[in-house]
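Q: Single-letter residue listing:
Number of protein chains: 2
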Amino acid sequence: MEIRIIGVRGLPEVQPGMDLTPLILRAAQAQGTPLQENDILVVTQKVVSKAEGRLIELAGVTPSHLAAEWALQYGRDPRLIELALRESKRVSRMDQGVLLVETHHGFHCINAGVDASNIPGSGVVALLPADPDASAARIREEVRQATGAQVAVIITDSWGRPWREGLMNIAIGSAGIGVLKDYRGTTDTYGHELHASAIAVVDEIASAAELVMGKVDMVPVAIVRGYAYTPSNGRVRDLLRDPQRDMFR
Amino acid sequence: MEIRIIGVRGLPEVQPGMDLTPLILRAAQAQGTPLQENDILVVTQKVVSKAEGRLIELAGVTPSHLAAEWALQYGRDPRLIELALRESKRVSRMDQGVLLVETHHGFHCINAGVDASNIPGSGVVALLPADPDASAARIREEVRQATGAQVAVIITDSWGRPWREGLMNIAIGSAGIGVLKDYRGTTDTYGHELHASAIAVVDEIASAAELVMGKVDMVPVAIVRGYAYTPSNGRVRDLLRDPQRDMFR
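From first to last, the protein sequence lines stand for chains A and B. In this text, residue positions in the first sequence follow the numbering used here: the first is 7, and each later residue adds one. In this text, residue positions in the second sequence follow the numbering used here: the first is 7, and each later residue adds one.
Hints were generated in silico from the structure; no laboratory data involved. Think of the CB as a built atom: it goes at the ideal place given N, C-alpha and C, for glycine as much as any other residue. The reader is advised that the hints may include incorrect statements.
Residues from chain B that keep clear of chain A, each with C-beta distances beyond 10 Å, as calculated [to be verified]: (1) E8; (2) G13; (3) M24; (4) G59; (5) L72; (6) L78; (7) L91; (8) T153; (9) Q156; (10) L186; (11) D209; (12) T236; (13) S238; (14) R251.
Just some of the chain A residues that point at chain B, by a computed CB distance under 8 Å [unchecked claim]: (15) M7; (16) E8; (17) G13; (18) L17; (19) D25; (20) A74; (21) N124; (22) E171; (23) L186; (24) Y196; (25) A204; (26) D209; (27) E210.
Use the sequences and the hints to build the structure in full.
A: Here it is as C-alpha cells:
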C-alpha cells in the first residue's frame with residue numbers, strides 16, 4: 007500500500023472575494039498533478055480565511071481593558087488579544103503569556119487562531135473561517151462541479167498541544183470523509199476485540215500534508231492520493247469532545 | 007514536492023529476543039521497496055516491545071488495593087491497571103474510567119501505554135519500550151551496518167488527546183532526524199518574522215505513517231520517502247515540555 011502526498015505550488019496571492027477553488031484546480035493542473043477521483047485535497051486555513059475575507063486591520067481594533075492589561079504584561083499586541091477574546095466563548099488558560107481559549111466553533115487553540123503570519127503588508131491579521139466544515143463542503147462541491155471528480159476536502163491549521171513542544175497540523179474543517187476510522191468492535195490479527203481504537207484520520211491526514219507544505223515556501227495546498235477511505239459526511243465539528251467528558255477544562 | 011508513504015507487509019510474528027531490524031529489511035526487500043538513503047523508517051511500538059521482550063503475563067500480576075478498587079469500579083482488568091501504575095511516575099487523571107499517567111519516560115498517556123491488542127494468545131500485554139529513543143538509535147545503526155544506508159527511525163504509538171475524540175499516531179522514540187522543524191527567527195513570504203512556529207515533524211511523520219499501517223492488517227512498519235530533512239540526533243525525549251511550563255498537570 008502506498009500513499010502519495012503532493013504539494014501544490016503556484017497559487018497567486020489570494021485576495022478577499024477571490025474564488026479559491028479554481029485557483030487550486032489551475033495550480034494543480036499547471037504542475038502536472040490535476041485532481042483525481044478520491045483524492046483528498048488539503049488546504050491551509052490561511053488561504054481559506056483570505057478568500058472568505060476574514061482579514062482584520064489591527065488599526066481599527068480598540069482593545070478592552072482586559073486585553074490591554076494582559077497584553078502589556080506579556081509584550082503581546084493588545085489588539086490581537088482583543089480579537090482573540092472576541093472570537094472566543096470561553097477562556098481556558100491565560101497564564102505564562104499563553105492565551106488558550108475555546109473558540110465559538112468549540113476549538114481549543116492559542117489566540118483563537120488569530121494570526122498575522124503569511125499575510126502581505128503589516129497590521130493585518132486573519133481570523134479562522136467562520137464555519138470551516140462548511141468551507142470544506144463548499145470547496146468539495148465546487149471541485150465536483152468543475153471537474154466531475156468526487157474528492158474529500160480537509161482544511162488545516164497548526165496548533166500546539168499539552169505536554170509536548172511543537173505544533174502539529176490538524177483538521178479544522180472537513181467534507182467527504184469520515185473524521186474517525188473506527189476499529190471498535192473489530193478484532194485484531196489475533197482475534198482480540200479492539201476497544202479504544204478510533205483513529206482521527208482527518209487529523210493524521212492534515213499532519214501528513216504539512217510535511218510538503220512548509221511555512222515559508224508558499225505551498226498552501228496538498229493532494230493526498232492513494233488513501234483508501236469511504237466517502238462520508240464527516241465534519242470536524244463531530245470530533246470535538248463533549249465538555250462533560252473533557253478532563254482538561 | 008512529493009512524499010511517498012509505503013507500508014511494509016510480510017513481517018513474521020515477532021517473538022521476544024528476535025532481531026527486528028533484519029526482519030524489517032527483508033520484508034521491505036521482498037515487496038520491492040528496499041530501504042534507501044534518507045528514508046524515514048517508521049516502526050510501531052508493539053513490534054519493538056515484542057522484540058525487546060516487554061511482554062507480561064497478566065496471570066503473574068498481583069494488583070494493589072488501589073488498582074483493584076478502581077478497576078472494579080470501571081470494569082477494567084485490575085492487573086492491567088496495576089501494570090500501568092507500575093510504569094508511571096505520576097497519576098495525572100484517574101476519572102471517568104480513564105487512567106492518564108505520566109510514565110517513567112515522561113510521556114502523558116492512557117494506562118501508561120500498557121496494551122493487549124495485537125499480541126497472540128490471551129492474558130499477555132505489552133509495555134512500552136524502556137527507552138524508545140535508544141531503541142530507534144539501535145535500529146538506525148543496525149540498518150546502516152546491514153545496508154550502508156543512513157536512515158532516520160521513528161517509533162510510534164497511537165494516543166488520545168484532550169478536547170478531541172480519536173487517537174493520533176505520534177512519535178515515542180526517534181533517531182537521525184530533528185524532532186522539531188524550527189521556523190522561529192525565519193521570515194514568511196512577506197518578510198514577517200515567524201514567532202511561534204516550531205513544527206513537531208516527528209509526530210507529523212508518525213501520523214502520516216499510520217495511514218498505511220492500519221490496526222488490523224499487520225502492517226507494523228512504514229517507509230516515508232522524499233521528505234527533505236537534515237540528519238541530526240533528535241530525540242523524542244527533547245520534545246517533552248518542561249513541567250514548569252505545563253499548564254495541564
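Q: What are the numbers of the hints the structure violates, in ascending order?
A: 1, 2, 10, 11, 14, 18, 19, 20
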